[in-house]
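Below, each chain spelled out in residue letters.
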Amino acid sequence: MTGTSEMANILAEAAGRLLEDHVTRDVLGAAEDGTWPSDLWQVLEDNGLTQPLAPEDRGGMGASFADAFVIAFAAGRRRAPVPLVETMAAGWLLGRAGIDVPPGPLALIDGGAVLTFKDGALSGVAEGVPWAAQAGHLVAEIDGTVALIPADAVTITSDRNMAGEPRDTVTFTEAKPSATGTLDLTATLPVARTLGALMRAAQMAGAMEGAVTLAVQHAGDREQFGRPIAKFQAIQQMLARAAARAAQARSAAETAFLALDRAGADLTDAEWDVAAAKVVAGEAAEIVYDAAHQTHGAIGFTYEHELHFTTRRLWAWRGEFGAETYWAGEIGRRVLGRGADNLWPDLTARQKG
Amino acid sequence: MEDIRFTPGLLPPEAEALRAEVRTFIADHLKGYPGVKRAKSWSGADPEFSKAMGARGWIGMTWPQEYGGGGRSFLERYVVLEEMLAAGAPVSAHWVADRQSGPLLLKFGTEEQRRKYIPAITRGESYFCIGMSEPNSGSDLASIRTRAEKTADGWRINGQKIWTSKAHTAHHMIALVRTQPQDPKDRHAGLSQFLIDMKETKGVTIRPIRNMAGEQMFNEVFFEDAEVPADALVGTEGGGWGQVTTELAFERSGPERYLSSYQLLFELVREIGADAGPAEAAGIGRLAAHLSTLRQMSISIATMLESGETPNLAAAIVKELGVAYEQDMPGKAHDIAGISPRMGGGDFDQVMAYMTMAARSFSLRGGTREIMRGIIARGLGLR
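These protein sequences, in sequence, are chains W and P. Here our numbering is used: the first residue of the first sequence is 1, the next is one more, and so on. Here our numbering is used: the first residue of the second sequence is 354, the next is one more, and so on.
Treat the hints as calculated values from the structure; they're not laboratory data. Predicted model, so just to flag it, every value in this text is computed and none were measured. Do not rely on the hints blindly, as some may be mistaken.
What the hints assert, rightly or not - Here are the simulated BS3-like cross-link-like pairs (lysine-lysine), alpha carbons at most 30 Å apart as the crow flies:
#1 Lys352/W x Lys390/P
#2 Lys176/W x Lys231/W
#3 Lys538/P x Lys352/W
#4 Lys390/P x Lys231/W
#5 Lys352/W x Lys384/P
Claimed, not checked - Derived contacts from chain P toward chain W, CB cut-off under 8 Å, selection only:
#6 Gly636
#7 His687
#8 Ala690
#9 Pro694
#10 Arg695
#11 Gly697
#12 Gly699
#13 Thr709
#14 Arg726
#15 Ala730
#16 Leu733
#17 Gly734
#18 Leu735
We treat Cβ as the ideally placed atom computed from N, Cα and C, and that holds for glycine.
Generate the whole structure from the sequences, applying the supplied hints.
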């Protein structure tokens with residue numbers, strides 16, 4: 001049995017407060033127009049929230065994944081327009097490969113399959129890399145080798161996802177890493193993808209809580225036919241269903257973070273929990289997206305209203321680091337490969353204390 | 354939404370140790386048990402199986418030992434329940450008594466009632482049913498009209514219950530009836546609960562109702578001047594509403610809230626096999642992802658219960674999600690396998706056919722989906 005740790009409470013409080021104070025409507029709008037929110041990043045870094053997962057002797061906090069969950073959740077809940085979770089994940093990868101973590105934002109490359117590592121240099125093109133142009137370094141994992149690459153060793157072409165977050169194309173032409181190391185663990189899937197999906201699942205759960213909270217507030221404020229629309233059963237039923245799915249997404253993400261802590265040197269089982277979290281979050285996103293917007297009516301469809309900062313991210317994150325089909329396929333192949341008789345024993349063995 | 358939290362819970366070693374024991378028991382008792390019977394699990398009754406479970410101490414596991422209970426944790430009980438359900442064991446004979454009636458009597462019953470009824474329940478010999486719904490009172494339970502009037506030495510009951518699962522096999526019913534006329538200012542007042550002996554009480558008539566899956570599961574129960582003794586009253590006269598609300602909360606978050614159609618997933622995985630295409634694999638993967646997540650949420654609730662919390666909102670959420678999952682399973686299986694099952698076919702066909710029909714009731718029993726969503730909406734502050 002586990003409860004919420006003291007560390008997690010402190011981190012949740014700190015991340016929640018700092019993000020709520022610093023991620024304003026103006027900051028969100030400006031970030032989408034291309035302004036890097038340097039104050040926001042600085043305050044996060046000064047408070048040690050950007051490297052919870054790297055070991056202390058490599059420049060991190062040495063916290064557990066269970067503790068770090070609250071930061072990733074808050075990043076989604078408050079829509080932090082900075083690569084906070086990517087930096088956290090990259091820092092963990094560097095630590096597990098024995099590489100010192102540099103300060104500043106890091107870009108995590110979901111590109112194990114598209115990059116080659118030969119004669120000490122990387123080649124290939126990685127697309128949709130979060131905040132590559134704002135990061136001082138990029139972090140890639142290729143077949144168990146982790147590489148830290150200075151941003152000036154690659155060519156970056158800016159692009160954006162549908163929420164206006166930087167998702168750049170990065171071209172590696174025999175790019176020389178400043179450090180490389182071998183991961184001290186084994187995995188079935190590319191580790192950067194698993195970590196990215198883990199982080200996105202937590203952010204999505206946070207974003208969904210945000211969207212439902214906005215909708216509940218709006219339903220209480222908005223009056224039609226002489227009463228708040230919250231009093232209509234159609235609204236109540238729709239939001240109750242959405243809230244339940246959002247709670248499921250949070251539970252699944254939290255479980256996956258815990259699975260990483262329990263994984264030890266083999267991530268294979270934890271990949272299952274990450275997969276489940278990403279699938280459940282992706283499916284829930286569609287229901288929450290619909291319910292939140294339907295409740296808000298036309299005002300929620302305006303750029304002026306803040307709802308879209310949450311819901312556009314939600315939809316964009318669904319597809320990043322593997323969409324539901326990718327992760328469901330992974331689970332399905334494992335289940336079918338093991339056969340019906342092992343389905344229940346495998347499930348209970350994976351989740352036991 | 355900030356107060357809705359499912360802290361991941363893990364089952365303690367003593368609960369896991371029990372799992373192996375339960376699996377051996379199931380392997381011994383259910384060898385060659387056919388798929389369609391497994392699919393009926395908590396609607397399938399087998400008194401001999403119930404007695405064997407009772408002999409192992411697996412009924413009333415969390416109840417005090419002085420009444421024959423096991424004095425074990427909610428998490429140990431959780432493991433026994435989920436293993437039974439995953440195996441499709443016929444646990445329905447004692448199900449209501451173990452899940453609802455026993456806890457209700459322990460919480461609200463007199464010392465005498467506890468000593469009289471609880472030990473037989475734990476032995477797997479005494480079965481209960483719940484008399485709540487009436488022909489004109491379903492979701493609006495407070496509108497019931499069956500009434501009990503005080504007599505010289507007890508109570509006289511008149512009226513009718515309906516949709517009473519297992520009334521035809523149960524030894525006792527715990528019925529919610531009216532002991533005062535309806536008060537329009539306080540609709541929840543004037544209701545009381547009575548323990549009625551279904552085999553011995555004169556004036557009780559049970560008429561079976563066949564369901565669309567062809568089973569005889571639920572019944573109409575008529576009370577015509579049915580006389581019950583004074584000590585048939587459970588809890589306080591007039592306190593029935595509060596008691597019944599507690600009773601319903603016992604049934605909202607257990608493993609039966611996501612495993613009811615597990616046998617269909619099992620058969621589907623067997624049917625599709627290891628050489629599945631990508632769409633089939635992804636379809637199976639989605640179902641397995643939900644199974645895993647719902648189990649975690651349900652364990653989280655069991656953990657909260659174990660530490661003395663009453664997570665009613667969280668339990669309503671698990672019921673909402675679990676019921677949707679169980680009920681959607683036949684549709685997903687249809688999408689993945691694309692068959693019209695034949696009643697004379699193999700296990701997959703039979704389980705698919707049965708579950709497609711039976712699943713219709715999942716969002717009705719124990720509080721409809723809409724009532725559950727109303728509870729969640731209240732928790733969100735919408736009403």
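How the hints compare with the structure:
1. Lys352/W x Lys390/P: holds (28 Å)
2. Lys176/W x Lys231/W: Not OK: Lys176/W and Lys231/W at ~62 Å, beyond 30 Å, violated.
3. Lys538/P x Lys352/W: Violated, at about 51 Å.
4. Lys390/P x Lys231/W: Outside the cut-off at roughly 45 Å; violated.
5. Lys352/W x Lys384/P: Holds, at roughly 26 Å.
6. Gly636: Holds, about 7 Å.
7. His687: Nearest chain W Cβ about 17 Å off; hint violated.
8. Ala690: At 13 Å from the nearest chain W Cβ, Ala690/P fails the 8 Å test, so the hint is violated.
9. Pro694: violated (17 Å)
10. Arg695: With Cβ-Cβ at 20 Å, over 8 Å, it is violated.
11. Gly697: violated (22 Å)
12. Gly699: violated (13 Å)
13. Thr709: violated (19 Å)
14. Arg726: With Cβ-Cβ at 4 Å, under 8 Å, it holds.
15. Ala730: Since chain W brings a Cβ to about 4 Å from Ala730/P, closer than 8 Å, the hint holds.
16. Leu733: Given a least distance of 5 Å, the restraint on Leu733/P holds.
17. Gly734: holds (6 Å)
18. Leu735: OK, holds: Leu735/P within 8 Å of chain W, min 4 Å.
Going through the hint list in order, the structure does not satisfy hints 2, 3, 4, 7, 8, 9, 10, 11, 12 and 13.
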